[in-house]
Amino acid sequence: GQPLTFSLRSVVAIVILCVFCTRNLQDMSVMVAYNPDRSTLFGNATLEGDESWEEDPDRRATAAPGMSKERAKHTSREIDYIPLEDLVQTSKFDPHMCPNGTFFINSTFANQTLPPRKIPRIVHISGKRPCLTGAFRSSLKNWELEGHSFLFHDDPAVDRLLTKFWPEFPHLQLIQECLISGAAKTDLWRYLVLYEYGGIYSDMDSAPGPRFTTDAAIQPDDDAYIVVEGGGFPAQYFIAASPKHPLMFYAVHRVYLRLFDVNNVLRQRIPVVTGPGALKTAAIDFMKDEKFGYPEEGLYNDTGGRQVRVWGTRATNNEFIVRNAVRSRYKRNGWAAMDQKPYSTIANQVDEATKEWLLQSCRDVLFNISQT
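Under mature numbering (1 follows the signal peptide of the UniProt record, and there is no 0), read the sequence shown as residues -21 to -1, 1 to 351, first letter to last.
Zero decoy hints are in this set.
In silico DSS-like pairs for lysine-lysine, Cα to Cα no more than 27 Å straight-line:
| id | residue 1 | residue 2 |
| --- | --- | --- |
| 1 | K310 | K164 |
| 2 | K107 | K143 |
| 3 | K223 | K97 |
| 4 | K71 | K164 |
| 5 | K164 | K120 |
| 6 | K334 | K164 |
| 7 | K107 | K71 |
| 8 | K310 | K107 |
| 9 | K223 | K267 |
| 10 | K223 | K164 |
| 11 | K223 | K270 |
| 12 | K97 | K143 |
| 13 | K334 | K107 |
| 14 | K267 | K97 |
In short, the hints are calculated from the structure, not lab data.
Computed from a predicted structure; not experimentally measured.
Hey, can you work out the whole structure from these sequences and the hints?
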């Protein structure tokens, strides 16, 4: 037969068509991501876990050292919306199990008697277990704001939210193979819990400053509220947002991208990969402007009509949110008493077989797990 030939005009037309299709697929993925009704995506179907993983001993035996159950651990059949009351009670923690020197802290749900606002009156705090030393308990009492629910998410509650299937974030369970510390998991979790439920997230050792409850209080029409930290970029130790806010959506995806680029899973730089570095880039994504990585005070609108209000400067951020509300000497002893291990300790305690496995890039870890 005759060989196929293409004119220059035909080649250009094909290239343009491919680009157009690719851009439309990307736009469709964003539209799906912002669809709050997941039933329109999956109907009443449930996601089946990979049961053969647990039933086949040969598959478990040939898995990477120390990682044989990772696939099962990060594969959840849960897909529906989890009510907050149910989520924070995941572990059904017994207050009598708190170690000596710590005090049980309970989640409380406020009666909604105040006027509604976009950012729900919910304060989210996370920790290994709801058992705090006196210094941390005293600090967190500052977050018992009028008309606000105060929710403490322990490890089982955090894991439950991270391991459920999210149509908006289809790679969420897979990418957790490269999250080996509680700090990195909590970074990802804070973006996710605010995306799903909205409200206020604060680190356990941060507290509201004097202006947060006065002239700089969250307003009814505020869509998201962040402060500038000492480095001049958006603080990650405190974030407030309405549900389904694009800033949180972008933050989750920035964690994806940065984790995929990690060349050494064990030695990853958490502040850059999942922490403030990811949030800073998400803020730039939100505004489509590099300058927003170091924002000035003001109200910012994106092209879709969503907003972020920024408060504070490098010098004044503590007027809004006190970064270190627990003194250093109480903090060091408190972390130990509450069994909150720093990342450096966790990395050093990994057994040799697992350490060798985790000295690979995230891409290699994910590929090798896929081959088991």
